[in-house]
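Please model the entire structure based on the sequences and the hints provided.
In order, the protein sequence lines correspond to chains A, B and C.
Numbered per the working numbering, the first sequence spans residues 1 to 335.
Numbered per the working numbering, the second sequence spans residues 1 to 231.
Numbered per the working numbering, the third sequence spans residues 1 to 560.
Be aware that a few hints might be false.
Quick partial rundown of chain A residues pointing at chain C, CB under 10 Å, derived from the structure [as the list claims (entries may be wrong)]:
| id | residue |
| --- | --- |
| 1 | Ile28 |
| 2 | Ser90 |
| 3 | Lys111 |
| 4 | Ser144 |
| 5 | Phe222 |
It should be emphasised that the hints constitute simulated quantities derived from the structure, not laboratory data.
Every value quoted in this text rests on a predicted model; they were computed, and no experiment measured them.
Positions of the beta carbon are idealized from the N, C-alpha and C atoms, including for glycine.
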Amino acid sequence: MWSFPLFPEQASTLASKVDALYFFLIAISVFFSILIAALVLTLAIKYRRRSEDEKPVPIHGSLLLELTWTLIPAGIVLVLFVWSAEVYFSAVRVPKNAIEITAVGKRWMWKVQHMTGKREINELHVPVGVPVKVTLTSEDVIHSFFIPAFRVKKDAVPGRYNTMWFEATKIGKYHLFCAEYCGTKHSGMIGTVYVMEPDAYQAWLGGEQAGASLASVGEKLFTDLACITCHRGDSGARGPDLAGLFGKPVKLANGETVTADESYLRESIVTPSAKIVEGYQPIMPTFQGLLSEEQLLQLVAYIQTMKAEVKDEAGAAAPAPAVGAPAAAPSPGAR
Amino acid sequence: MSSSTHHPAYVHHFENLSEQKEAATFGMWVFIAQEVLFFGGLFAAYAIYRNLHPEAFYFGSHHLNIPLGAANTAVLIFSSLTMALAVHAAALGKRQQIVGWLLATVFLGSVFLGVKVVEYKEKFDHHLVPGASFQAGQLGMAEHIADPVLRGKAERASQIYFSLYFSMTGLHALHMIIGVPLILWIAARAWLGQFGPEYHSPVEIIGLYWHFVDIIWIFLFPLLYLIPKPH
Amino acid sequence: MQTEVVKGNEEAVPGNGLDRENYINAKHGIWSWLLTTDHKRIAILYLVSITLMFFMGGAFAAGVRLELMTPKGDLVDSDAYNKLFTMHGIVMVFFFLIPSIPAVLGNFLLPIMIGAKDLAFPKINLLSWYFYIVGVAVFLVACLFGGVETGWTFYTPYSTAFSHTNVILAALGIFIAGFSSILTGLNFIVTIHKMRAPGLTWFRLPLFVWAHYATSLIQILGTPVVAVTILMVAVERLLKLGLFDPALGGDPILFQHLFWFYSHPAVYIMILPGMGVMSELITAFTRKRVFGYEFIAISSLAIAVVGFLVWGHHMFVSGQSTYAGMVFSALSFLVAIPSAVKVFNWSATLYKGSVSWESPMMYAIGFIGLFTIGGLTGLFLAAMGLDIHMHDTYFVVAHFHYIMVGGAIFAYLGGIHFWWPKITGRLYPEYWARVAAVLVFAGFNLTFFPQFVVGYLGMPRRYHAYPEEFQVLNVLSTAGASLLGIAYLIPMVYLTWSLFAGKKAPANPWGAKGLEWTIQSPPTTFNFDHQPVVTEEAYAYAEGHDTSHDAAPPAAPVRA
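As structure tokens, then:
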């Protein structure tokens, strides 16, 4: 009858790191709980009142003891802080070779798109042993993408992109939860994560309704919306050249420099005038309300694939929206 | 336990009148600390949104009536002066002067509120009150921002500017609306001869409150009315 | 201390004031209570009203726990469940825990402890109770018209744009009740500064007073921010201004910053007065000076100050910048240190004391254990790497119940039992009090310990239905909650009984130190016949013979 789990499965590279910290903290907690319980009970029993006339010894305190129990906890929390920050960094720094998946929270479901254009709802298929980066957003309220077996969680916030990553280590089925309260069917906004062999994953990706890849759907959108009219990448273009833009620093008209990450691209589509690239006029219309969050992700995916091959022809003319080191990391995941 | 415990204003749970006066003044200072944090929440929201939407704030601010706002600032500073004179008169025990200066303060406060009503009505007539009837087109951004996109964004966010304008000035006006009857009440007590050199805490305290309300306006006026054009 | 001849047919008890004039029989009639400015009567008004709110919040909790016995969510539908946990949270946090110790015990005792006849502003004190009652009434209207289901945290944009329930009314209720808290804090600060008895210097104040001073600072500086924030939610909901709507240029995360700027310090509004009660209980039941008085006093202020700088640890997974997260994490860890200092000092106070295991002390000992667990599990959540996994799971729920129930409510119950003879002039049956204390302790642990486990397993909070493998732990928790619910009712019964049939209490039934024990039980309206003059430090218990010749204990037994 006692066959219920007391400890979650470890199914990602992060899980063991998080659990190590967890066990260390449990050890500290058990030690101090027992220390204090033993101290209190021993003293309370040993010095129990034996007669009403007892006159206890007045003790004012001891600086040495005060320092001891200030500095020892201070030392412990310092260690904990450094350790936990280190775990946190490994949880937010996305490896360069991560495959990308997008997830949109909508009351009350998770809509997942793979780079090939394969879509699923409340299910997430991922290959084992491959880092996976998930870009998250929401169509309505704040949700939170939570896979306990991987020890990862990130809020899906409307109007912005958050990213998280994991690398599954064990084939199997795991829970996917929404962890941020989102209304009536909050507890129904759950799904299953399927961790598969990479081959099986490829086969699954190419299976039924594989259709066009995320980027190619985005490319079609790019054409349909006539983005190319302005973003055509030559000297006379009214909009900045997008080829090879992703991950590069962009100099803005107000003198600031930002990195062209997913959030920047999304913002530039939804509220183009928020950040005007140096040398261009703020003439792009907004696409707010015209595009769903999924379509935005498709466009962003396409722009990421626009490599610099076109740029070679146009490079000389375009007033270089991308300034600075060309070898920036493909993904500033920590932001 | 001096003769001060026989003063009619003395409340017997205090040890003596001077403890009572100190407690009352200190209480008002603590209350003001609380007020600072109360406005602080709005100031925090203001700082964040002005940073996010400089154009909206610039054009919103541009549409406020700066001469009226400036005149109101002068009125309020002047009312602080009359209030200070009332406190001074109370310390000297000059009954008629206390009442006179307090009534002058009430008058100036009412002028301020009257001007505020005119300003609010202007916004109402121009459909600049946030909500269903809000028309950002009234801001006249069309003449200044040719780009429809930039304009759209600023127009949407201008509602946030006007929400903050109305919350901040409205909360400030509410403090004045509460202050005016309180001053009248204190003036009536002064007329009845309840305050003299020995005891005039209520005048001092209402004075503190009034100065605080003035100071809030001294911050609100430049923050809301005098926003320079963003680069 | 009193030798007056006592009328009436019961045995005369020295220092009992039931048959003499006291604050209870000084005036009669409902209006003498509803319009009273006596801090003790206002404390009783609060006691009655927050007790009602406690059982109301408890009923909502019972609904939540019963629902969670089965994984399917088959007792009530999900909307009803969402209302249950939301209203449980709102009632318990805003209408019970925040006023509990300050407004009842603080109101009653603080003026007496510093030798004053009343708080500095008695009318404002009464006004604060009316703010509380009007706030409660508005919230009850919201409940009657369908309740509210946003979670007690009112996160935007859910609360502003998506919820179909009475968010505005509930927010208004909380907003109004907030002023009650502000005015109580203001009154306490002025009273402590200006009305201390002659000779009562800052470092002679009982630690209960120090803790309330720190609490009042938070009430004054934090509450106005949440008041204005919650007002923004109501206005945004009414007028669709876009303050928290990303489509109109707003920022939903801004709400979380403003909300937690108050609501994290609010946790310290709940626990700091409890810590003050603890210091009183421990010293009274060891008949001994508290160990490290200055360190306990200053640590209260340290907690209040640092507590204002940790709010961002509620947003580690919201997309907040990594570096902001690190600062908040470091500061959150820092709060652990003054808390640990307090726990160690209380434990050290027992050393060479005369420890009596009466029921208030049992709550105090329970508090030390549960607060230790609550505090240590707080370290798990301050650790950013771990919090990613634990955020919004039952681990968090268990953690804050260990602080708020295991800490604040244990201290509250301990304090109520300790000062009950002073407040009512009656003794309660000690046997039943001990039974209740043990049952509350057992029921509490059975309810909340399994939640740590189910939380680390990954069960998110606010789930109406959950995967089956979590059921056993949830059933354990529900079983514990049933026990806890019954255990809470026992004190209700015997304390009420004691009002009518309890033995008369002497002035100082525990042999404790403190000005409140020098006056009759229950006190007279103005507490003291003559202005007391304080000539000694707090907890100056009669000194015994120091047989071991060392004033400070050796380090060995503490670091054993």
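Would the stated hint for A:Lys111 survive a check requiring a Cβ distance to chain C of less than 10 Å?
-> With a closest approach of 18 Å, the A:Lys111 hint is violated.
Would you check whether A:Phe222 satisfies its interface hint, that is, whether its CB is within less than 10 Å of any CB in chain C?
-> Constraint on A:Phe222 not satisfied, violated at 23 Å.
Quick one, is the A:Ser90 hint okay against chain C at 10 Å, beta carbons?
-> It holds, given that the least Cβ distance between A:Ser90 and chain C is near 8 Å, below 10 Å.
Per the CB criterion, is A:Ile28 less than 10 Å away from chain C?
-> holds (7 Å)
Can A:Ser144 be said to touch chain C, with a Cβ gap under 10 Å?
-> At 6 Å from the nearest chain C Cβ, A:Ser144 passes the 10 Å test, so the hint holds.
The structure fails to meet hints 3, 5 from the earlier list, while all remaining hints are met.
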